[in-house]
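Asks: Spelled out, the chains give:
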Amino acid sequence: MTIASEYAVWAEGLTKSFKTTKALAGVDLAVRTGTVHGVLGPNGAGKTTAVRILTTLLRADAGRALVGGFDVTAEPARIRSQIGLTGQYASVDEMLTGAENLHLIGRLLGLTRPQAKTRAGELLERFELSHAADRAAKTYSGGMRRRLDLAASLVGGPRILFLDEPTTGLDPRSRGELWSIVRELVAEGVTVLLTTQYLEEADQLADDIAVIDHGRVIASGAPEELKSKVGGQVLYVRPERVVDAAAVSGLLAGIAGREVSVEGDGLAVPVTDTKVMPAAALRLQEAGIDVAEFALRRPSLDEVFLTLTGGPAEDAVPAA
Amino acid sequence: MSTLTAVVPSPARQQGLSAHLRNIASIAWRSLVQIKHNPMELLDLSVQPVMFLLLFTFMFGGQMAGSPQEYLQYALAGLIVQNSVFTALNTAVGLHTDVAKGVYDRFRSLPIGRPVPLIGRIVADLAKQVWAIALMIVLGLIIGFDLGGGVGGVLASVALLLVFTLAMSWLNVLLGLVAGSEEKVMMFGFTIAMPLSFTSSAFVRTDTLPSALQFWAEKINPITAIADSVRALLDGTPVGNSVVVTLIWAAGLALVFFPLAMRAYRAKLS
Numbered sequence: 001m002t003i004a005s006e007y008a009v010w011a012e013g014l015t016k017s018f019k020t021t022k023a024l025a026g027v028d029l030a031v032r033t034g035t036v037h038g039v040l041g042p043n044g045a046g047k048t049t050a051v052r053i054l055t056t057l058l059r060a061d062a063g064r065a066l067v068g069g070f071d072v073t074a075e076p077a078r079i080r081s082q083i084g085l086t087g088q089y090a091s092v093d094e095m096l097t098g099a100e101n102l103h104l105i106g107r108l109l110g111l112t113r114p115q116a117k118t119r120a121g122e123l124l125e126r127f128e129l130s131h132a133a134d135r136a137a138k139t140y141s142g143g144m145r146r147r148l149d150l151a152a153s154l155v156g157g158p159r160i161l162f163l164d165e166p167t168t169g170l171d172p173r174s175r176g177e178l179w180s181i182v183r184e185l186v187a188e189g190v191t192v193l194l195t196t197q198y199l200e201e202a203d204q205l206a207d208d209i210a211v212i213d214h215g216r217v218i219a220s221g222a223p224e225e226l227k228s229k230v231g232g233q234v235l236y237v238r239p240e241r242v243v244d245a246a247a248v249s250g251l252l253a254g255i256a257g258r259e260v261s262v263e264g265d266g267l268a269v270p271v272t273d274t275k276v277m278p279a280a281a282l283r284l285q286e287a288g289i290d291v292a293e294f295a296l297r298r299p300s301l302d303e304v305f306l307t308l309t310g311g312p313a314e315d316a317v318p319a320a
Numbered sequence: 001m002s003t004l005t006a007v008v009p010s011p012a013r014q015q016g017l018s019a020h021l022r023n024i025a026s027i028a029w030r031s032l033v034q035i036k037h038n039p040m041e042l043l044d045l046s047v048q049p050v051m052f053l054l055l056f057t058f059m060f061g062g063q064m065a066g067s068p069q070e071y072l073q074y075a076l077a078g079l080i081v082q083n084s085v086f087t088a089l090n091t092a093v094g095l096h097t098d099v100a101k102g103v104y105d106r107f108r109s110l111p112i113g114r115p116v117p118l119i120g121r122i123v124a125d126l127a128k129q130v131w132a133i134a135l136m137i138v139l140g141l142i143i144g145f146d147l148g149g150g151v152g153g154v155l156a157s158v159a160l161l162l163v164f165t166l167a168m169s170w171l172n173v174l175l176g177l178v179a180g181s182e183e184k185v186m187m188f189g190f191t192i193a194m195p196l197s198f199t200s201s202a203f204v205r206t207d208t209l210p211s212a213l214q215f216w217a218e219k220i221n222p223i224t225a226i227a228d229s230v231r232a233l234l235d236g237t238p239v240g241n242s243v244v245v246t247l248i249w250a251a252g253l254a255l256v257f258f259p260l261a262m263r264a265y266r267a268k269l270s
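Chain order of the listed sequences is A and B. Per the working numbering, the very first residue in the first sequence carries number 1; after that it's consecutive. Per the working numbering, the very first residue in the second sequence carries number 1; after that it's consecutive.
In isolation and in its complexed conformation, chain A is listed as follows (with noise of 0.2 Å):
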């Protein structure tokens, strides 16, 4: 197999300066076809530089880079046309409906008036903006206008899907649709690119995940296999009785020695020793509480990026 036919974005050694900041300190990409590749950072790691680069809308000062097969340097009109793009910048007219946009963008795509009155049609029905097709999109909803930004990008049946920082800013109603279409577009073989600050929607979304930091992939691989490469395990406790919470609590702090935390109606508490296991659910018989889980598992996603950059990540999804 090429690198061409196997991965639909792939890249090697990119990197790119602005004035006295090092935006990308050479970054490797690849991108399986067809899969869901997340790239993972804080705010100012390069996520955003390195999709620019990869949608031709920035030239890298060193590396190379395959979209589609085609290289972002030399055949950048190729990649244009079977590319998607949403994301904070690459944005739709405020100013125009939301058919008025996407019949505009159908047009430059090279459709013609019907076709793209049809496209346009098609899709603000699939994205439950048929209702407000006729009003500018400057009176739409934050959830409505993600929408319409990544109908905007589908307007030309594209490939190979960018989506940069999808949902920061959103509520998790909206949040959740657009996950569910980022399935559904993968479901068909599209592949996507994704970059986000958030943990859980690249645990969620993505078959492969790069994290980045300071302009350098700092680890990569599915989900599971970063998980396992920070090592260690958590040890997760349910009571019964919510009541409980406090001593269970202060009970394995006791055992493990480590700063216990709270998850949902639960505690969780990283263990290294194995020993720590039976002593926890002897102690917990013990003392007579009643237990609804416990379980030990590997840590989540927000803990491998705690080890892999050495600080805390961004906020998590916000709860609003």
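By construction, these hints were calculated from the structure, which means they are not laboratory data. Take these hints with a grain of salt, some might be off.
Said to hold, decoys possible - Simulated crosslink set (DSSO-like; lysine-lysine; CA at most 27 Å straight-line): (1) 138/A / 128/B; (2) 101/B / 19/A; (3) 22/A / 268/B; (4) 268/B / 184/B; (5) 36/B / 138/A; (6) 117/A / 36/B; (7) 101/B / 117/A; (8) 101/B / 22/A; (9) 227/A / 275/A.
Every value quoted in this text rests on a predicted model; they were computed, and no experiment measured them.
Go by the hints and put chain B onto chain A.
Replies: Chain B only, in chain A's frame:
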């Protein structure tokens, strides 16, 4: 296949001159249709010129020239020129907004020629110029302007104004690309346009000015040349060398600012 990935019919006609022209027309359409959803822009394009024309004619006219009628005959050309210079700032503001809001990157991610979004905007802005000029001439006629130059004079004026604003638009493109914020674009633009249009023959005869100012207004300021040209063309009187001077200025502006604007435009890519 569902809607999401539906095969889109043959979008492969994006090469060649006709494709470029069609894309330019699409982008220009977009700039013009925006007006529909943005009443402020309509205000800017229509109410402002009307307001200035009425204020200058009826408030200042009597003291400036003895009667509003007399003054209208002199100042209409100047008002049109000033309005053109201000309207041309739309190119700078619009371009800046597009780049800042990401509309521009959306365009650039599409398989269209690189200068197409820019040319489309300039074409739309020239159309807005024609609208404002026509509006002012029609209103001028209604309130008593004597169009000695006839239709030919009007067409020649419009053509000259378009050549001049097109040349100026490269300065505005540069301004829109390099300025840090929309406010700065506006502030910088007005700082140039305001004194330039007032220290010319646009609104007053230059023979009453102090000598240094008179020298500036008559010999240097390009606004004098274009205001005198438009006035003569609308009146149907001899244009003297003012049209030639205007064209030399337009060529000079384009020669200096077109390469700079293009360099800034390309630099946005690297």
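Asks: Are the Cα positions of residue 101/B and residue 117/A separated by 27 Å at most?
Replies: Holds. Residue 101/B to residue 117/A sits at ~25 Å (cutoff 27 Å).
Asks: Between residue 101/B and residue 19/A, does the CA-CA distance stay at or below 27 Å?
Replies: At roughly 22 Å apart (the allowed maximum being 27 Å), residue 19/A and residue 101/B satisfy the hint.
Asks: Is the Cα-Cα distance between residue 268/B and residue 184/B 27 Å or less?
Replies: Distance ~19 Å between residue 268/B and residue 184/B Cα, so the pair holds.
Asks: For a C-alpha distance cap of 27 Å, please report whether residue 138/A and residue 128/B respect it.
Replies: holds, 23 Å
Asks: Going straight from one Cα to the other, do residue 22/A and residue 268/B come out at no more than 27 Å?
Replies: holds, 17 Å
Asks: Run the distance test for residue 117/A versus residue 36/B: straight-line Cα separation, threshold 27 Å.
Replies: holds, 19 Å
Asks: Against the 27 Å threshold, does the CA-CA distance of residue 36/B and residue 138/A hold or violate the hint?
Replies: holds, 13 Å
Asks: Hey, residue 227/A versus residue 275/A, does the alpha-carbon distance stay inside 27 Å?
Replies: holds, 22 Å
Asks: Taking only the CA atoms, is the gap from residue 101/B to residue 22/A under or equal to 27 Å?
Replies: holds, 24 Å
When held up to the earlier numbered hints, the structure conflicts with none and fits them all.
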